[in-house]
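*Asks:* Below are the chains, spelled out letter by letter.
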Amino acid sequence: MNTRRDLIRVFRADHGRLLAALLAQFRDFDLAEDALQAAFAKATEVWPQQGQPERPAAWLMTVARRHALDRLRKTARQGSEVMRRTITMLTEAQDIPNKGAIPDERLRLIFTCCHPALAQEAQVALTLRTLGGLSTAEIARAFLSREPAIAKRLTRAKTKIRDAGIPYEVPEPAELPHRLPQVLAVIYLIYNESYSAFEGTTLTRADLAEEALHLARITFRLRPLPETQGLLALLLLHDARRPARGQHEMIPLEAQDRTLWDRDKINKGRTHLLHALAHKRPGAYQIQAAISAVHTDAADWDATDWKQIAGLYKTLSVIAPSDVVTLNHAVALCQAGDLTEAEALITTLAGSLVRYQPFYAARAELYRRQGQLAAACTDLDKAIELSRNTAETRWLQRRRDALGIENRDAPGQDAV
Amino acid sequence: MKYLALIYADEALGDPDDLMDQYEAYFQEITTAGVYVGGEALEPVSTATSIRMRNGERQVTDGPFAETKEQLGGYFVLECETLDDAIKWASKIPSAKYGTVEVRPLMVFDEE
Numbered sequence: 009m010n011t012r013r014d015l016i017r018v019f020r021a022d023h024g025r026l027l028a029a030l031l032a033q034f035r036d037f038d039l040a041e042d043a044l045q046a047a048f049a050k051a052t053e054v055w056p057q058q059g060q061p062e063r064p065a066a067w068l069m070t071v072a073r074r075h076a077l078d079r080l081r082k083t084a085r086q087g088s089e090v091m092r093r094t095i096t097m098l099t100e101a102q103d104i105p106n107k108g109a110i111p112d113e114r115l116r117l118i119f120t121c122c123h124p125a126l127a128q129e130a131q132v133a134l135t136l137r138t139l140g141g142l143s144t145a146e147i148a149r150a151f152l153s154r155e156p157a158i159a160k161r162l163t164r165a166k167t168k169i170r171d172a173g174i175p176y177e178v179p180e181p182a183e184l185p186h187r188l189p190q191v192l193a194v195i196y197l198i199y200n201e202s203y204s205a206f207e208g209t210t211l212t213r214a215d216l217a218e219e220a221l222h223l224a225r226i227t228f229r230l231r232p233l234p235e236t237q238g239l240l241a242l243l244l245l246h247d248a249r250r251p252a253r254g255q256h257e258m259i260p261l262e263a264q265d266r267t268l269w270d271r272d273k274i275n276k277g278r279t280h281l282l283h284a285l286a287h288k289r290p291g292a293y294q295i296q297a298a299i300s301a302v303h304t305d306a307a308d309w310d311a312t313d314w315k316q317i318a319g320l321y322k323t324l325s326v327i328a329p330s331d332v333v334t335l336n337h338a339v340a341l342c343q344a345g346d347l348t349e350a351e352a353l354i355t356t357l358a359g360s361l362v363r364y365q366p367f368y369a370a371r372a373e374l375y376r377r378q379g380q381l382a383a384a385c386t387d388l389d390k391a392i393e394l395s396r397n398t399a400e401t402r403w404l405q406r407r408r409d410a411l412g413i414e415n416r417d418a419p420g421q422d423a424v
Numbered sequence: 005m006k007y008l009a010l011i012y013a014d015e016a017l018g019d020p021d022d023l024m025d026q027y028e029a030y031f032q033e034i035t036t037a038g039v040y041v042g043g044e045a046l047e048p049v050s051t052a053t054s055i056r057m058r059n060g061e062r063q064v065t066d067g068p069f070a071e072t073k074e075q076l077g078g079y080f081v082l083e084c085e086t087l088d089d090a091i092k093w094a095s096k097i098p099s100a101k102y103g104t105v106e107v108r109p110l111m112v113f114d115e116e
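Sequence lines, in order, name chains A and B.
When the count follows my numbering, it moves up by one through the first sequence with no breaks and lands on 424 for the last residue.
When the count follows my numbering, it moves up by one through the second sequence with no breaks and lands on 116 for the last residue.
Okay, chain A solo, but in the shape it has when bound (with noise of 0.2 Å):
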């Protein structure tokens, strides 16, 4: 029989794809997530008992769409342009072949969802609601934001996409360079989500991990430029590390092991960083994705090309500087064994990185091959502090450990 997990798991499987084919029918966000909220709870109430359909998507899809209707149909008024609208999705739901296969509209969802005409986190969350399945609740966490700004973030957001009529199409070819890169940034940043650390949830993460490999594989059908190509190697050369992650915490990089990585995944995403590469054309997600496939290469942390790294993020500092990338080089800069160089870059990150934790690990990295072993105590201290996260925290203290100082309180001894 069913466990409410195994049923939230399937729905949230399907609930993209679900709620993209509602609503290529019905154009109407409200009318087809409401159809899909109440085709689950259907099946919530009905499965237990009768068991799982031996396809629960073509059931969900035939619940929801039958709960449209009747909800257009009592809402709509004798003659108007409503009315018509259902007399002609009730004639072509006749058509629909019995198969029960449900075409893939989730293109044509992501890219209505990123349209420019709505504000990036409104992309973000909406893209998230709808094609993850996520929760109001979840995507308020996951920005550490509060339900209600989320909630109000969607409302107007689907507002505008009625009222303004932005259109449920994939664009045409001449407009499509202009809009993929939004897709690009929104798919990547559900990626990221499913990467952090969701405490107590039933969402796992693997969904949203699958939702975002798959919307990036569909993209690159479309569209196989280097870059789109680049953020599929990305994300598969991530994803393939996912089962040395962690059941429930994240186990950082430093301590994972390598054996459990998905090796399958890893020759995929190099196949497709190469093909990317060989266009000559780098961009972001092509070195990140570069850096990732250096690290698939070692054994372990220590033996890894360090000095390609580093190499990678400079280059990477060009394309798209940001302060967790500068710190990331210096880190690489660092385990190279180049201090003056990391040290310049980490002195200027002082200012912004303050809550940081792994700033301060790195940092602390650094005073300890500098033999600094009382200021690297002290950050580490600080990055224990700071972590949320107790396999991560369990690492920082064995690295605290082996510094040698026990006593916090006497920062002038050195190990013994």
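The hints are simulated quantities; they were obtained by calculation from the structure and are not laboratory data.
Be aware that a few hints might be false.
[What the hints assert, rightly or not] Each computed DMTMM-like pair below joins lysine to aspartate or glutamate, with the alpha-carbon atoms no more than 25 Å apart:
1. A:Lys168 / B:Asp89
2. A:Lys50 / A:Asp112
3. B:Lys6 / A:Asp305
4. B:Lys92 / A:Glu262
5. A:Lys82 / A:Asp171
6. B:Lys6 / A:Glu177
7. B:Lys92 / A:Glu183
8. B:Lys6 / A:Glu180
9. B:Lys101 / A:Glu180
10. A:Lys168 / B:Asp114
11. A:Lys50 / A:Asp14
12. B:Lys96 / A:Asp171
13. B:Lys6 / B:Glu85
14. A:Lys168 / B:Glu28
15. A:Lys168 / B:Glu106
16. B:Lys96 / A:Glu180
17. A:Lys288 / A:Asp310
18. B:Lys96 / B:Glu85
19. A:Lys82 / B:Glu15
20. B:Lys6 / A:Glu262
21. B:Lys101 / B:Glu61
22. B:Lys73 / B:Asp21
23. B:Lys92 / A:Glu177
24. A:Lys315 / A:Glu373
25. B:Lys92 / B:Glu28
26. B:Lys6 / A:Asp112
27. B:Lys96 / A:Glu183
28. B:Lys92 / A:Glu180
29. B:Lys92 / A:Glu129
30. B:Lys96 / A:Glu177
31. A:Lys168 / B:Asp21
32. A:Lys168 / A:Glu218
33. A:Lys288 / A:Glu262
34. A:Lys168 / B:Glu83
35. A:Lys160 / B:Glu106
36. A:Lys168 / A:Glu41
[As the list claims (entries may be wrong)] Label-pair restraints from in silico Cβ distances:
37. B:Ala70 / A:Tyr364: 38 to 46 Å
38. A:Arg396 / B:Gly18: 56 to 64 Å
39. B:Thr53 / A:Asp42: 24 to 32 Å
40. A:Asp171 / B:Asp25: 49 to 57 Å
Just so you know, these numbers come straight off a predicted model, no measurement behind them.
Even glycine gets a Cβ: it sits at the ideal position worked out from N, Cα and C.
Got chain A sorted already, so can you dock chain B onto it with the hints?
*Replies:* This is chain B only, laid out in the frame that chain A set:
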């Protein structure tokens, strides 16, 4: 759907010499495409007068409703199926090259 395209530009920048020709060409394009519903150029913002009724009293002031970096210079009403079409046509408005065109759908009132 009908969209209003409001054309804003910084009057201080002045107009290119062939602006009229550009607009004439644009007008031809949108009429041929069946997109043109209406449109006018406006006299400069120095000719504007603002009217407010407050507590039954009429307040008339010299100038636009607000001082803005770019000022309203004209408008078009365009008949387009989707916002994407409206964006496409609005982006061809000559002043868009140095000003801003705001696109907004006209409100539709259901006839009962």
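*Asks:* Confirm or reject each hint.
*Replies:* We went through each hint and held it up to the structure:
1. A:Lys168 / B:Asp89: Status holds; Cα separation ~16 Å.
2. A:Lys50 / A:Asp112: 23 Å, holds
3. B:Lys6 / A:Asp305: Measuring from Cα to Cα gives roughly 58 Å; hence the hint is violated.
4. B:Lys92 / A:Glu262: Violated: lysine 92 (chain B) and glutamate 262 (chain A) sit about 50 Å apart, past 25 Å.
5. A:Lys82 / A:Asp171: Holds - the C-alpha atoms of aspartate 171 (chain A) and lysine 82 (chain A) are around 22 Å apart, at most 25 Å.
6. B:Lys6 / A:Glu177: Satisfied, since the Cα-Cα distance of roughly 19 Å is no more than 25 Å.
7. B:Lys92 / A:Glu183: Measuring from Cα to Cα gives roughly 10 Å; hence the hint holds.
8. B:Lys6 / A:Glu180: 21 Å, holds
9. B:Lys101 / A:Glu180: 23 Å, holds
10. A:Lys168 / B:Asp114: Holds. Lysine 168 (chain A) to aspartate 114 (chain B) sits at ~19 Å (cutoff 25 Å).
11. A:Lys50 / A:Asp14: Holds, at about 15 Å.
12. B:Lys96 / A:Asp171: 23 Å, holds
13. B:Lys6 / B:Glu85: Distance ~8 Å between lysine 6 (chain B) and glutamate 85 (chain B) Cα, so the pair holds.
14. A:Lys168 / B:Glu28: 32 Å, violated
15. A:Lys168 / B:Glu106: Within the cut-off at roughly 15 Å; holds.
16. B:Lys96 / A:Glu180: Within the cut-off at roughly 17 Å; holds.
17. A:Lys288 / A:Asp310: 30 Å, violated
18. B:Lys96 / B:Glu85: 17 Å, holds
19. A:Lys82 / B:Glu15: Violated: lysine 82 (chain A) and glutamate 15 (chain B) sit about 53 Å apart, past 25 Å.
20. B:Lys6 / A:Glu262: Judged against 25 Å, a Cα distance of about 58 Å means the pair is violated.
21. B:Lys101 / B:Glu61: Given that 25 Å is the threshold and the Cα spacing comes to 42 Å, the pair is violated.
22. B:Lys73 / B:Asp21: 22 Å, holds
23. B:Lys92 / A:Glu177: Roughly 15 Å between the alpha carbons, so the hint for lysine 92 (chain B) and glutamate 177 (chain A) holds.
24. A:Lys315 / A:Glu373: Cα-Cα ~17 Å, so holds.
25. B:Lys92 / B:Glu28: 18 Å, holds
26. B:Lys6 / A:Asp112: 31 Å, violated
27. B:Lys96 / A:Glu183: Within the cut-off at roughly 14 Å; holds.
28. B:Lys92 / A:Glu180: 11 Å, holds
29. B:Lys92 / A:Glu129: Within the cut-off at roughly 24 Å; holds.
30. B:Lys96 / A:Glu177: Holds, at about 22 Å.
31. A:Lys168 / B:Asp21: 38 Å, violated
32. A:Lys168 / A:Glu218: Outside the cut-off at roughly 29 Å; violated.
33. A:Lys288 / A:Glu262: 31 Å, violated
34. A:Lys168 / B:Glu83: 18 Å, holds
35. A:Lys160 / B:Glu106: Given that 25 Å is the threshold and the Cα spacing comes to 24 Å, the pair holds.
36. A:Lys168 / A:Glu41: 16 Å, holds
37. B:Ala70 / A:Tyr364: 38 to 46 Å: 42 Å, holds
38. A:Arg396 / B:Gly18: 56 to 64 Å: Cβ of arginine 396 (chain A) to Cβ of glycine 18 (chain B): about 57 Å, so the range 56 to 64 Å holds.
39. B:Thr53 / A:Asp42: 24 to 32 Å: Violated, since threonine 53 (chain B) and aspartate 42 (chain A) (Cβ atoms, about 49 Å apart) do not stay within the stated range.
40. A:Asp171 / B:Asp25: 49 to 57 Å: Violated, at about 36 Å.
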